[in-house]
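Student: So you can see what is in the structure, the chains are spelled out below.
There are 2 protein chains.
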Amino acid sequence: MTMPSNQIAPLLNFEMLYLIGLGLGDAKDITVKGLEVVRRCSRVYLEAYTSVLTVGKEALEEFYGRKLILADREEVEQEADNILKDADISDVAFLVVGDPLGATTHSDLILRATKLGIPYRVIHNASIMNAVGCCGLQLVNCSIINQCFYFSQLYKFGETVSIVFWTDTWRPESFFDKVKKNRQSGLHTLCLLDIKIKEQSLENLIKGRKIYDPPRYMSVNQAAQQLLEVVQNQRIRGEDPAITEETLCVGLARVGAEDQKIAAGTLQQMCTVDLGGPLHSLIITGGSLHPLEIEMLNLFSIPENSSESQSVDGLRT
Amino acid sequence: MTMPSNQIAPLLNFEMLYLIGLGLGDAKDITVKGLEVVRRCSRVYLEAYTSVLTVGKEALEEFYGRKLILADREEVEQEADNILKDADISDVAFLVVGDPLGATTHSDLILRATKLGIPYRVIHNASIMNAVGCCGLQLVNCSIINQCFYFSQLYKFGETVSIVFWTDTWRPESFFDKVKKNRQSGLHTLCLLDIKIKEQSLENLIKGRKIYDPPRYMSVNQAAQQLLEVVQNQRIRGEDPAITEETLCVGLARVGAEDQKIAAGTLQQMCTVDLGGPLHSLIITGGSLHPLEIEMLNLFSIPENSSESQSVDGLRT
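Respectively, the protein sequence lines represent chains Z and R. Number 17 in the UniProt record's numbering belongs to position 17 of the first sequence; there are no gaps in the numbering. Number 255 in the UniProt record's numbering belongs to position 255 of the second sequence; there are no gaps in the numbering.
Treat the hints with caution; some may be incorrect.
Simulated pairs of lysine to aspartate or glutamate, EDC-like, Cα-Cα distance not exceeding 16 Å [claimed, not checked]:
hint	chain 1	residue 1	chain 2	residue 2
1	R	Lys210	R	Asp72
2	R	Lys28	R	Glu58
3	R	Lys28	Z	Glu36
4	Z	Lys67	Z	Asp91
5	R	Lys28	R	Glu61
6	Z	Lys28	R	Glu36
7	R	Lys28	R	Glu62
8	Z	Lys28	Z	Glu295
9	Z	Lys115	R	Glu61
10	R	Lys181	R	Glu239
11	R	Lys28	R	Glu15
12	R	Lys115	Z	Glu295
Simulated from the structure, these hints should not be mistaken for laboratory data.
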């Protein structure tokens, strides 16, 4: 029997870097363990570019009782050593909305810490990658007696995709192959929708001016419209897009927050459904649904009195 | 613009059913919001059959300051109405290790509540489905400038599978098709490993005797051994198993707990690596790895002084 080396350092015994997930809703979605660590760290950074909570920095500061240092993308990528400064002699916390290990840059921070001999610890939390189960998708086939209770609803999700904001000149469709492949395999697709925080215009970028555009968050409406345009393009090229205007989709907004909204309906309906403020996500269902999935989605179906509405089990999935 | 109906009830305004995730480690991995709800509910159930924490019911009761009612599978499936009793006039909490919407039965509880007119609310937490990012897999191709920061590491995971305990007469191999398909698409596979809690022997089941076997949790060693047997069977049948003894895998134990262990090595090494007590999970990598992934996995590689060891970047993936 062999033992892996370099294991996680026991909590509280060393000065170290903590990567702490904040969950998805508001200040109180941090874990008790996470809050205890935040309250005793010498510096607390808030990663502010891959996601947002429904409350701002000030609300977090008030609840945590700590000043937070906003860490934007530039800071984390270019000045990681500042973040890690003295983390070997005092505790430093790096707060991330959702779970800390959802995005590339945070692995990078761990690797830099490790190279500097600074121990690290991750305090996990909910992220959209698992909380998406809130809509009732994905039950599995329960024909194997005694096994089904452990089979996760998330199993029927295929590879996750990102849908990015199109520009006049940049309209990538490559993500759509994964959607098609999932759909053809009977798997749902979770589409994470683009966010643009602290982006520079091309002009400002070229001129080296640190002037930033206002933040933008892609809505389910925008994502659905882009998807329908890809579907049209595929038809024009004589390809089978595998999804249509009538494909059953689920729009999700502010998952985990008090005012979370979920809407189940056709891709066409997703173009106009009003889900309110960010963040939004979109699920394209995989086709055949389990009866329990249909029952759950019916809780969220766009109502009959809408001109476009249909009940979920009447939908051509 | 249309508004979806049946939205989530605002927190604290109604008596309702709360489904609360406990996260993955110990008592303090509950969120602050979850703890507040637990402390004021009239009845608090602990779901005790799809997963376990590193601490027992008593430790949770002490930290929460509340008595917990153990809800086993039978209770939740057959006596859901007892759990929901009076949840329209008082708050009832249903605690689940990980995130509450990982398993079939909990959707069922939501549907029953909804039919009884009882509002519900989910308080999410980390689950193995997202916390698996702790091993450093899965960075994405960052060639799209300005987009990569939002691309999750979890994107390169394909469909998740379960590996169940084989018996003398029941040795299902069907899950292996998904592993192969993921591997052939360059996607990693998260394998959740079987747990058997409060299981009855066939004899006791037939005789209707409520005598239960001791709990069993599949280890990474057992999973790897079963996988290698499937690989052998595929070879005997002249099929290409797509993975071999040398395929790079990651074994994970007690993710999110103080004594979490991660080991990266070959599938063969996974047969003997000592990761300690439950719960275990296994990742079969998808083949080509990003340099940052390799760097992260190297933190966890089975050490050189082991007779079987190899550094990760020397592995034939």
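Student: Now tell me, hint by hint, if it's right for this structure.
Tutor: Results for each hint:
1. Lys210/R to Asp72/R: holds, 13 Å
2. Lys28/R to Glu58/R: Judged against 16 Å, a Cα distance of about 13 Å means the pair holds.
3. Lys28/R to Glu36/Z: holds, 9 Å
4. Lys67/Z to Asp91/Z: holds, 15 Å
5. Lys28/R to Glu61/R: holds, 12 Å
6. Lys28/Z to Glu36/R: holds, 9 Å
7. Lys28/R to Glu62/R: Judged against 16 Å, a Cα distance of about 11 Å means the pair holds.
8. Lys28/Z to Glu295/Z: violated, 31 Å
9. Lys115/Z to Glu61/R: Between Lys115/Z and Glu61/R the Cα gap is close to 41 Å, so the pair fails against 16 Å, i.e. violated.
10. Lys181/R to Glu239/R: It holds: about 13 Å lies between the C-alpha atoms, which stays within 16 Å.
11. Lys28/R to Glu15/R: Since the Cα atoms of Lys28/R and Glu15/R sit roughly 25 Å apart, the hinted pair is violated (cutoff 16 Å).
12. Lys115/R to Glu295/Z: Within the cut-off at roughly 11 Å; holds.
Of the hints listed earlier, those the structure fails to meet are numbers 8, 9 and 11, in rising order.
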